[in-house]
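**Student:** Chain residues, written in single-letter form:
There are 2 protein chains.
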Amino acid sequence: MFLTEFIPLSKAKEIIEKNQIILDTEKIDLMDSSLRVLAEDIYSLHDSPPFDKSAMDGYAVKAEDTFTATTNNVKNLKVIDKIGAGDYSDETIKNGEAIKVATGSPVPNGADAVLMEEYTISDEEDDELNKLPYNIEIHRAVTPTENVAFQGEDIKKGEKILNKKTILRPQEIGLIASAGFPKIETYKKPKVKLIITGNELIEPGEELKKAQVINSNKYTISTMIKSTGANVDIEYGHDDIEEVKEAIKTATKEYDIVLTTGGTAISKGDVVVDAVEAIGKVMFHGVAIRPGKPVGFGIVNETPVFMLSGYPVAAMAQFDILVREYLFKMQNIDFNPRKHKRITNIKIASKLGRTDYVRAFTNEKQVEYALNKGSGIINSMVKANSYLIIDENHEGINEGDEVEIIYFESMNLNK
Amino acid sequence: MFLTEFIPLSKAKEIIEKNQIILDTEKIDLMDSSLRVLAEDIYSLHDSPPFDKSAMDGYAVKAEDTFTATTNNVKNLKVIDKIGAGDYSDETIKNGEAIKVATGSPVPNGADAVLMEEYTISDEEDDELNKLPYNIEIHRAVTPTENVAFQGEDIKKGEKILNKKTILRPQEIGLIASAGFPKIETYKKPKVKLIITGNELIEPGEELKKAQVINSNKYTISTMIKSTGANVDIEYGHDDIEEVKEAIKTATKEYDIVLTTGGTAISKGDVVVDAVEAIGKVMFHGVAIRPGKPVGFGIVNETPVFMLSGYPVAAMAQFDILVREYLFKMQNIDFNPRKHKRITNIKIASKLGRTDYVRAFTNEKQVEYALNKGSGIINSMVKANSYLIIDENHEGINEGDEVEIIYFESMNLNK
Chain A
1 MFLTEFIPLS
11 KAKEIIEKNQ
21 IILDTEKIDL
31 MDSSLRVLAE
41 DIYSLHDSPP
51 FDKSAMDGYA
61 VKAEDTFTAT
71 TNNVKNLKVI
81 DKIGAGDYSD
91 ETIKNGEAIK
101 VATGSPVPNG
111 ADAVLMEEYT
121 ISDEEDDELN
131 KLPYNIEIHR
141 AVTPTENVAF
151 QGEDIKKGEK
161 ILNKKTILRP
171 QEIGLIASAG
181 FPKIETYKKP
191 KVKLIITGNE
201 LIEPGEELKK
211 AQVINSNKYT
221 ISTMIKSTGA
231 NVDIEYGHDD
241 IEEVKEAIKT
251 ATKEYDIVLT
261 TGGTAISKGD
271 VVVDAVEAIG
281 KVMFHGVAIR
291 PGKPVGFGIV
301 NETPVFMLSG
311 YPVAAMAQFD
321 ILVREYLFKM
331 QNIDFNPRKH
341 KRITNIKIAS
351 KLGRTDYVRA
361 FTNEKQVEYA
371 LNKGSGIINS
381 MVKANSYLII
391 DENHEGINEG
401 DEVEIIYFES
411 MNLNK
Chain B
1 MFLTEFIPLS
11 KAKEIIEKNQ
21 IILDTEKIDL
31 MDSSLRVLAE
41 DIYSLHDSPP
51 FDKSAMDGYA
61 VKAEDTFTAT
71 TNNVKNLKVI
81 DKIGAGDYSD
91 ETIKNGEAIK
101 VATGSPVPNG
111 ADAVLMEEYT
121 ISDEEDDELN
131 KLPYNIEIHR
141 AVTPTENVAF
151 QGEDIKKGEK
161 ILNKKTILRP
171 QEIGLIASAG
181 FPKIETYKKP
191 KVKLIITGNE
201 LIEPGEELKK
211 AQVINSNKYT
221 ISTMIKSTGA
231 NVDIEYGHDD
241 IEEVKEAIKT
251 ATKEYDIVLT
261 TGGTAISKGD
271 VVVDAVEAIG
281 KVMFHGVAIR
291 PGKPVGFGIV
301 NETPVFMLSG
311 YPVAAMAQFD
321 ILVREYLFKM
331 QNIDFNPRKH
341 KRITNIKIAS
351 KLGRTDYVRA
361 FTNEKQVEYA
371 LNKGSGIINS
381 MVKANSYLII
391 DENHEGINEG
401 DEVEIIYFES
411 MNLNK
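Just so you know, the sequences run in chain order A and B. Per the working numbering, the very first residue in the first sequence carries number 1; after that it's consecutive. Per the working numbering, the very first residue in the second sequence carries number 1; after that it's consecutive.
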């Protein structure tokens, strides 16, 4: 009954890793792919640009015809055609000739440069009135290739432009569009069932009677789940073993992963852990971390079940320490929050063998203060911006020590 | 016709700021409030904890009854009641007595501490079989207040817990739930109309004919808009002034803000700018920035219209430099991407009076390389991770200079 043995965090992570599930892939519309994860390498279907293209509004010319032109030494060219956006010319430029082009127009045959419109004067003020052919004065020279973007200079047809496992930001999505793909193969989003247990829970807005607690985990944990890219459905269960068994059994058949909150305290008669043991296998229960010690992990119907505390901060920390990485990896996303070294100006006691994730407020240079009291105190997660990590080989930290911190924001998908 | 005068970036920002719109507020379900912006201060409706609460599974006791207890000097107490989650006891503890409590239970009258269950041995192995009253051996002492979370120690009833303008992360959402609110007042999300112009544009998947270009702005810019928390509808328009006038006129009546891409090149006959001038007012057209010079801003039907380039990278840079902040401020979000100092190992020329946003790959110490070629080259935005900013008072940078960079990710809402 003196249950005070907890497995170290490294061991818990090892067990979870051995039971990591990676989801199947699905084809989705590129338009819906923001922050999704590529499940295929992408090779361009086209050269980009797909043709030699004008980078400016102006005149496609033979550069040699412009040499030595200045405002004091204007030269003249005959404009033989005009090209609008999306259009092209079948004409071939000969010496002394030019074709009017827009930004993005194909550079016509015979031209090797584009002279910006600003350095020309044409017959009419309003160019629309110019009938072909018309004359322009040119006031500046261009060198061959000037203002021309050459076919394939950005991307060659068949070139690999993105690797499998890339997380898609606006620029990658644009690049895939340019490469010719309206749909892409991505990893599925995890379907998560969140089961909240606790007879004491009421909803915000309901009258709070003695011994009752507002169900905040429903809000915090479901928002955290969604922030990893996963979808979540929520169910409420009483502290009744048969009810919880039934809820978990059903959920493991319909969802990729199940999370519970409540009923995990390290004592006899903890409903959720007992329920998982009855219908599946508890892989561990109790990890030497603080906050969040009474966390469990099990497998039911080949589906992972993470059993989190009912205490709000404990549940959030357990999510950050163990679940977040699992949800990322299900989608084939590496989880590597940046760790920073900071000087601490506070002293915190800790226990050898235990890993502490101290809620802390950290600036660019140092840890300013810690909020390490009470695993029910959500306010501490609001006032903190980071975890200060005291690993299992350290017995606390002293003022002036260099410590390791992780900013909360760096654990996000869209960091 | 030698249109080479552009307003400085600072002037463009000033004009935009004078025309900043801030949206109305709306009441939404707390469950839908992730990354929304509070439009009210939040004051707690309850003490938190709402009663003196046990922080552990164990026995509520008078601490003095446990003094000197150890494994070699056990003491005995009589258990007079048991409390499950969500329940409480009307009994009052007298010396020599204890009441069994669960984590979160109200601490009964007369008790001033909770002894963890692990340090007790009761009559039966399975505690469920114990009939009241029963005896426990206790193997450790507790001090008064130990394992008790006192009423209001986290938050006092009526205390302000969150300020207006806070962006809601999971912890803030949980805190609001705990404070008793199922709904909250937030700033509305901007309703954005994105009008893509260009006769040359086709969709990815369609056959790419000469002079055509795949419409990637639709993907990049709409994803960028959504990443600020805004909603977007997209419309396609040809390079036809009547069509574009009609599209913009309609959009300004139905949306909070309009963005266009294409038709802004600094030359005569640019459809979008002419259209805005015809039905409203162009506030500026052409800003001394690179990339993105031919950017315009106007007002039509009291609605802001940002006119972006057709070139993919120019449009993205214009969005980052001018539009992103506007969309944030519409929701009352301050936009302060963190700027970092880095050493550059590259030399880049720039023009006095112009602000350059050089696409760059930067590590923790230095700018490793720049990707400053071609405003059509989306690939450069994929390979870069930051903007290196050369302000209008500098004529380029040299190897070894300390420069200012902004990581792309730090411009996100969820940073």
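The set of hints was computed from the structure by calculation and includes no laboratory data. A couple of the hints might just be wrong.
Claimed, not checked - Quick list of in silico lysine-lysine cross-link-like pairs, DSS-like style, CA-CA up to 30 Å:
| id | chain 1 | residue 1 | chain 2 | residue 2 |
| --- | --- | --- | --- | --- |
| 1 | B | K62 | A | K351 |
| 2 | B | K188 | B | K253 |
| 3 | A | K329 | B | K383 |
| 4 | A | K188 | A | K281 |
| 5 | A | K160 | B | K226 |
| 6 | A | K383 | B | K160 |
| 7 | B | K383 | A | K339 |
| 8 | A | K209 | B | K157 |
| 9 | B | K226 | B | K188 |
| 10 | B | K253 | B | K210 |
| 11 | B | K351 | B | K11 |
Said to hold, decoys possible - Each pair of labels, with its calculated beta carbon distance range:
| id | chain 1 | residue 1 | chain 2 | residue 2 | range |
| --- | --- | --- | --- | --- | --- |
| 12 | A | G110 | B | N301 | 44 to 50 Å |
| 13 | A | K11 | B | D334 | 40 to 46 Å |
| 14 | A | E159 | B | E14 | 39 to 45 Å |
Ideal Cβ positions, reconstructed from N, Cα and C, are used throughout, including at glycine.
**Student:** If I claimed the Cβ atoms of A:G110 and B:N301 lie 44 to 50 Å apart, would that claim hold in this structure?
**Tutor:** 47 Å, holds
**Student:** With the threshold set at 30 Å, check whether the alpha-carbon distance from A:K329 to B:K383 stays at or below it.
**Tutor:** Status holds; Cα separation ~24 Å.
**Student:** Given the hinted pair B:K383 and A:K339, is their alpha-carbon gap at most 30 Å?
**Tutor:** The given pair, whose Cα atoms are some 23 Å apart, holds under the 30 Å limit.
**Student:** Check whether the Cα positions of A:K188 and A:K281 lie no farther apart than 30 Å.
**Tutor:** 26 Å, holds
**Student:** Kindly confirm whether 40 to 46 Å is satisfied by the beta carbon distance between A:K11 and B:D334.
**Tutor:** Between A:K11 and B:D334, where Cβ atoms are some 44 Å apart, the hint holds.
**Student:** Does the structure keep B:K226 and B:K188 at a Cα separation of 30 Å or less?
**Tutor:** 14 Å, holds
**Student:** Between the alpha carbons of A:K209 and B:K157, is the straight-line distance 30 Å or under?
**Tutor:** 15 Å, holds
**Student:** Run the distance test for B:K62 versus A:K351: straight-line Cα separation, threshold 30 Å.
**Tutor:** 28 Å, holds
**Student:** Are the Cα positions of B:K253 and B:K210 separated by 30 Å at most?
**Tutor:** Given that 30 Å is the threshold and the Cα spacing comes to 37 Å, the pair is violated.
**Student:** For the hint 39 to 45 Å, verify it against the beta carbon of A:E159 and that of B:E14.
**Tutor:** 43 Å, holds
**Student:** Given the proposed pairing of B:K351 with B:K11, does the C-alpha separation stay at or below 30 Å?
**Tutor:** 17 Å, holds
**Student:** Taking 30 Å as the top limit, are the C-alpha atoms of A:K383 and B:K160 close enough?
**Tutor:** 13 Å, holds
Violated hint for the displayed structure: number 10, the only one.
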